[in-house]
Amino acid sequence: MIPKGLRNALRPLLEAVRDLAPIVLVILFFQGFVLKQSVPNMEEMLVGMVFVLLGLALFVRGLEIGLFPMGEGMAHAFAKKGNVFWLLLFAFLLGFGTTVAEPALIAVSGKAAEVAAQGGMIETTEVAMESYAFGLRMTVALSVGTAIVLGVLRILVGWPLHLCIIGGYFLVVIMTYFAPHEIIGIAYDSGGVTTSTITVPLVTALGVGLASSIRGRNPMLDGFGLIAFASLVPMLFVMFYGMLML
Amino acid sequence: MNMLELFIDTFVATMRDVLPITAVLVGFQLLVLRQKIANVWRVIRGFVYVLVGLAFFLMGLQEAIFPLGELMASQLTNPEFIYNDLYAQGITTIQTVRWDDYLWVYAFAFSIGLATTLAEPSLIAVGMKAEQVSGGAVSAWGLRLAVSLGVAIGVSIGCYRIVTGTDLWLYIIVAYIIVIAQTFRAPSMIIPLAYDSGGVTTSTVTVPLLAALGLGLAATIPGRSPLIDGFGLIAFASVFPIMSVMGYAQVSRWLEKRGKEKEKEEERDAF
Chain L
1 MIPKGLRNAL
11 RPLLEAVRDL
21 APIVLVILFF
31 QGFVLKQSVP
41 NMEEMLVGMV
51 FVLLGLALFV
61 RGLEIGLFPM
71 GEGMAHAFAK
81 KGNVFWLLLF
91 AFLLGFGTTV
101 AEPALIAVSG
111 KAAEVAAQGG
121 MIETTEVAME
131 SYAFGLRMTV
141 ALSVGTAIVL
151 GVLRILVGWP
161 LHLCIIGGYF
171 LVVIMTYFAP
181 HEIIGIAYDS
191 GGVTTSTITV
201 PLVTALGVGL
211 ASSIRGRNPM
221 LDGFGLIAFA
231 SLVPMLFVMF
241 YGMLML
Chain F
1 MNMLELFIDT
11 FVATMRDVLP
21 ITAVLVGFQL
31 LVLRQKIANV
41 WRVIRGFVYV
51 LVGLAFFLMG
61 LQEAIFPLGE
71 LMASQLTNPE
81 FIYNDLYAQG
91 ITTIQTVRWD
101 DYLWVYAFAF
111 SIGLATTLAE
121 PSLIAVGMKA
131 EQVSGGAVSA
141 WGLRLAVSLG
151 VAIGVSIGCY
161 RIVTGTDLWL
171 YIIVAYIIVI
181 AQTFRAPSMI
191 IPLAYDSGGV
201 TTSTVTVPLL
211 AALGLGLAAT
221 IPGRSPLIDG
231 FGLIAFASVF
241 PIMSVMGYAQ
251 VSRWLEKRGK
261 EKEKEEERDA
271 F
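So the protein sequences, as listed, match chains L and F.
With the numbering used here, letter number 17 in the first sequence gets 17, and the count goes up by one each step, no holes.
With the numbering used here, letter number 111 in the second sequence gets 111, and the count goes up by one each step, no holes.
Just chain F, with the same shape it has in the complex (with noise of 0.2 Å):
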């Protein structure tokens, strides 16, 4: 396809998104407020960078990663790929489907929900603001990476479920006492944000390649339901990060202490 097409299409539906949010910041701004935005000129320039770097963002995407990433996902999940011995010898049907047969659809489902979430521009903005908050001491690239490895956990074991055919309600509340039980022992400046990742990490990048491979595992096993097994794998890219940011802030809060009492004891014996 034309690639100039492509932008305008992109970049119309970008607008289309865009358009009633824009009318709701303009129409409070002037009428309601009516106040004067200090550098007007510089913040309209950043709405157009927003907007027309979104629209090259995910055209590039639909050029570059989705048709790829997607034809990998329901490659890996063929059973001709995940039973090739046994396709070799002419067998054809398979009896029973073992969790470890799927051991690359796991380590796919780990690696690329890591690498989406790094690249996933609404935790970049997040990211962003919360380094500027804390004054520092939540570093921008530590919580993406926190947020990312939740992700990839939380994929990996998503697919697990769908290949073993469990139920899904039985994860997400074992997931949420694990978070209460975590946002009793965590420092508490760190709740908020843990709660939040959980929902930003699933937007433009993360959700179709998440959809592609669900939906592949769920049509390619037999007993499982695209429709009702495709769905799901987003609550787990949602539930897990919270985990792991809260984690994060436990175990350099831990490592702190530990570096503390070190020091200490380095002290101590130095007399």
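Isolated chain L (complex conformation) (with noise of 0.2 Å):
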């Protein structure tokens, strides 16, 4: 019989391994068939694959035992408190908090500003460039922050999310003919790169906790969505900016 502390740690690795297989046939399968080519630093490449395969078990441990449940036991909270104020307050902290600090929004924001200084939208200083790149930064984190707050009004108040979402793409759609060509591919993909590995845990554990305490809300319909709304209102946000800004 394994001891059950054992099997614990087992059961995540396990699935770490069944989870990260693909992606090593799919490289060994280009490589060798499509490349010809044999695979450089085979060892470096091994001992990574141990440390990504530790590292994923761990966090989903860490996930059922740490993010979910607190994530959780603060929504329960938050609701019996009654409170709207600060859980507002707390929505949009969270979104701005995870997002300001993304290193992929970094990258990108940091990619943007080169594009619109050949582009000739911004001047090609190293100061404009920077204030480009840290306003778009502030940009895409305060829209997070206020796309939170949105998600969680709506689980307050019960608005269908269809309704919510199907709006927002229509004012992307209508914005898109207005934001400055360079903007639109960066707006496009910073709804994507908003959303971080601890962002969407702790979100979707709010979202289904405020969902399952408040009475006549159905978790599965009304506690997701707060990730699409994350993902939306930096579209908005970000086109929004470059009509202003180029």
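Derived from the structure by calculation, the hints contain no laboratory data.
Glycine included, each C-beta is placed from N, C-alpha and C at the ideal position.
Below are the SDA-like pairs computed for lysine to any residue, each with C-alpha atoms no more than 25 Å apart in a straight line:
1) Lys4(L) to Asn39(F)
2) Lys257(F) to Leu221(L)
3) Lys111(L) to Ser225(F)
4) Lys81(L) to Leu33(F)
5) Lys81(L) to Val40(F)
6) Lys36(F) to Ser213(L)
7) Lys111(L) to Phe134(L)
8) Lys260(F) to Ser139(F)
9) Lys111(L) to Ser74(F)
10) Lys111(L) to Tyr171(F)
11) Lys111(L) to Val12(F)
12) Lys36(L) to Leu68(F)
13) Lys36(L) to Leu71(F)
14) Lys36(F) to Ile65(L)
15) Lys80(L) to Leu93(L)
16) Lys36(L) to Asn84(F)
17) Lys260(F) to Arg185(F)
18) Lys81(L) to Leu156(L)
19) Lys80(L) to Phe28(F)
20) Lys36(F) to Ala77(L)
21) Lys36(F) to Ser212(L)
22) Lys111(L) to Asp17(F)
23) Lys264(F) to Arg253(F)
24) Lys80(L) to Val26(F)
25) Lys80(L) to Gln29(F)
26) Lys111(L) to Leu68(F)
27) Lys4(L) to Ala38(F)
28) Lys36(L) to Pro67(F)
29) Lys81(L) to Ala23(F)
30) Lys81(L) to Asn39(F)
31) Lys36(L) to Arg98(F)
32) Lys111(L) to Arg224(F)
Here are the in silico distance ranges between beta carbons for each label pair:
33) Leu163(L) to Arg253(F): 19 to 29 Å
34) Met138(L) to Ser225(F): 21 to 31 Å
35) Ile214(L) to Met15(F): 27 to 37 Å
36) Ser188(F) to Leu171(L): 18 to 28 Å
37) Lys36(F) to Ile214(L): 17 to 27 Å
38) Arg7(L) to Glu256(F): 25 to 35 Å
39) Leu86(F) to Met138(L): 43 to 53 Å
40) Gln37(L) to Leu6(F): 21 to 31 Å
Two chains, each in its own frame: build the complex with the hints.
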């Protein structure tokens, strides 16, 4: 009989193997059969894969015992407290705080400044590019904060999600016509880069926790959807930023 | 590079990324909610696991997957590989780019999109929650497979767009129209989950590889600018999973219905 502790540790590890196997297969196939090359630094790659495996297994275990209970516990506590102001402030800071330091966002906004400078939309000086990149980063962080606030409001009030999102898409389409060409690709991408690995579990737990502790809300119908807001609102904000700055 | 140094670097970077959010959580817990957390040490242990796990995960990716994946993306998009035959004949200036010259690129985009999305930690998190909340009606694995297929298809079409140089917004708007049409037909339980899966697909694992692929394509095809055409693959990877998750629910409902009808028919036939 395997002890329970060991089994708890082994299960995420085995699942991690299953989750990572496809990447290894794809890389080996294309490297060996299409590009017809051997894998360079086989040893380093194997060591790296062991780290990826361990890391993924630890992460999943940590979700189960840490991030999920914490997010849901706080959602229940907010619902019990019944103070909408604190809940919305929390929602805003959760969105803003996780996005403002996001490395992917910092990288994307730097690239975007290059595009704008090369296109002659802003000056090619260091200062102008940096201030443009910083402004873009703040715009996205603000937009994610706003998005989580809107999403939490939706759960509280009970608006149907699809109307909010479809309405948002219409706005995106309309703004696409007016926004400068150079900003559109970045705006569309910014919706995707904002949701980091720590934000997603916390925000999901918050939504599901809120929906299950408020009477008349269904966790399946109302609990999900916060991330959808967090991917939609940044597109609108970034296009608006482009219209103002470029 | 020294492994320990690399680990410390990655760990510090992860900490810096997580610090603002930890401050928000702890601040609200202590100052606003002022409530005891159940199993507080277990939760803290969980946070430590998440931090260390992410640091390990990212370090391993940087060590094992990203360098090779990015190298492969640039090699597969290199004209020397694509126009191997022409180069052998001594022709090195490519006049017109045909979309079907790039079949291996689409195949690579499809399979790397599928594989990296399956390993995406935030999608694993959403899958776990979805299975728990739906009481098992939505399986974590099924959801993740549906999302991964969506990313795979989206990214392949995204590469086709870069090769042919067609407008990004055209594709995205058509995709939105399909999403809206599906929204009114798909089982309502799946819709919030489907919308969410658009956002979770693109993070740690997928983005660096897709960016390398998009930039590689845009940089090597004549007439494309990496700065304008290189963006946009992530947008494809965010819209298509919405369709595939709703599609997954529609197909499973249809199969269920058909199964029931068959059962009924068999019952009728038995009489």
